[in-house]
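Enquirer: Model the full structure from these sequences, guided by the hints.
This note's numbering numbers the first residue of the sequence shown as 1 and each following residue consecutively.
Any given hint might turn out to be false.
Derived SDA-like pairs (lysine to any residue); straight-line CA-CA distance at most 20 Å [to be verified]:
1. Lys23 / Gly11
2. Lys29 / Met19
3. Lys100 / Leu80
4. Lys29 / Val50
5. Lys29 / Tyr44
6. Lys100 / Leu112
7. Lys100 / Val83
8. Lys42 / Pro26
9. Lys42 / Leu92
In case anyone wonders, no lab produced these hints; they're calculated from the structure.
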Amino acid sequence: MEMQVVMSVSGVVFSAVAMIINKDFPAIKREVEQIYELGENKYYLVLAGVAITWQVTCLGFLGLICCSSALFAGVVTVMLLPVGEIMPVLLLDEQFTSAKGIATALRFWGFLS
Numbered sequence: 001m002e003m004q005v006v007m008s009v010s011g012v013v014f015s016a017v018a019m020i021i022n023k024d025f026p027a028i029k030r031e032v033e034q035i036y037e038l039g040e041n042k043y044y045l046v047l048a049g050v051a052i053t054w055q056v057t058c059l060g061f062l063g064l065i066c067c068s069s070a071l072f073a074g075v076v077t078v079m080l081l082p083v084g085e086i087m088p089v090l091l092l093d094e095q096f097t098s099a100k101g102i103a104t105a106l107r108f109w110g111f112l113s
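Expert: Encoded structure:
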């Protein structure tokens with residue numbers, strides 16, 4: 001747990017310093033105003049939600065590795081890969097292209113073999 005916190009804080013500090021050096025913080029405001037159509041509050045909620053989700057996922061996989069094995073954690077990771085392709089299609093009305101279909105089929109095939 002402590003290692004996860006140290007890695008996360010280090011990543012945040014490194015990214016923030018890089019964004020300050022490149023003057024990227026104003027680009028976030030431009031992205032909110034010009035690209036993201038759902039509003040400023042929802043944009044920041046999505047950013048926070050994604051960050052929290054990734055932290056919980058990483059912590060869960062660390063727990064899975066500690067309580068079972070790294071091999072089982074790898075199997076679970078491979079099982080979740082097709083979910084990452086299918087869920088945006090179901091929840092966000094994204095197009096399911098032939099490339100996504102082939103990638104999903106190959107992932108299922110790799111998992112089954």
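Enquirer: Work down the list of hints and note, for each, if the structure agrees.
Expert: Results for each hint:
Restraint check: the Cα-Cα separation between Lys23 and Gly11 comes to about 18 Å, which is no more than 20 Å; the hinted pair holds. About 13 Å separates the Cα atoms of Lys29 and Met19, which keeps this hinted pair within 20 Å; it holds. With a CA separation close to 15 Å, the supplied pair Lys100 and Leu80 stays within the 20 Å bound. Between Lys29 and Val50, the direct Cα distance comes to roughly 18 Å. Compliance with the 20 Å bound is thereby established for this hinted pair.
Taking the CA atoms of Lys29 and Tyr44, the gap is about 10 Å. The hint holds against a cut of 20 Å. Taking the CA atoms of Lys100 and Leu112, the gap is about 18 Å. The hint holds against a cut of 20 Å. Proximity of Lys100 to Val83 is assessed by CA-CA distance (about 11 Å); at most 20 Å being required, the pair is judged to hold. Annotation: proposed proximity of Lys42 to Pro26 holds, straight-line Cα distance about 18 Å (limit 20 Å).
The hinted pair formed by Lys42 and Leu92 meets the criterion: a straight-line CA distance of about 15 Å does not exceed 20 Å.
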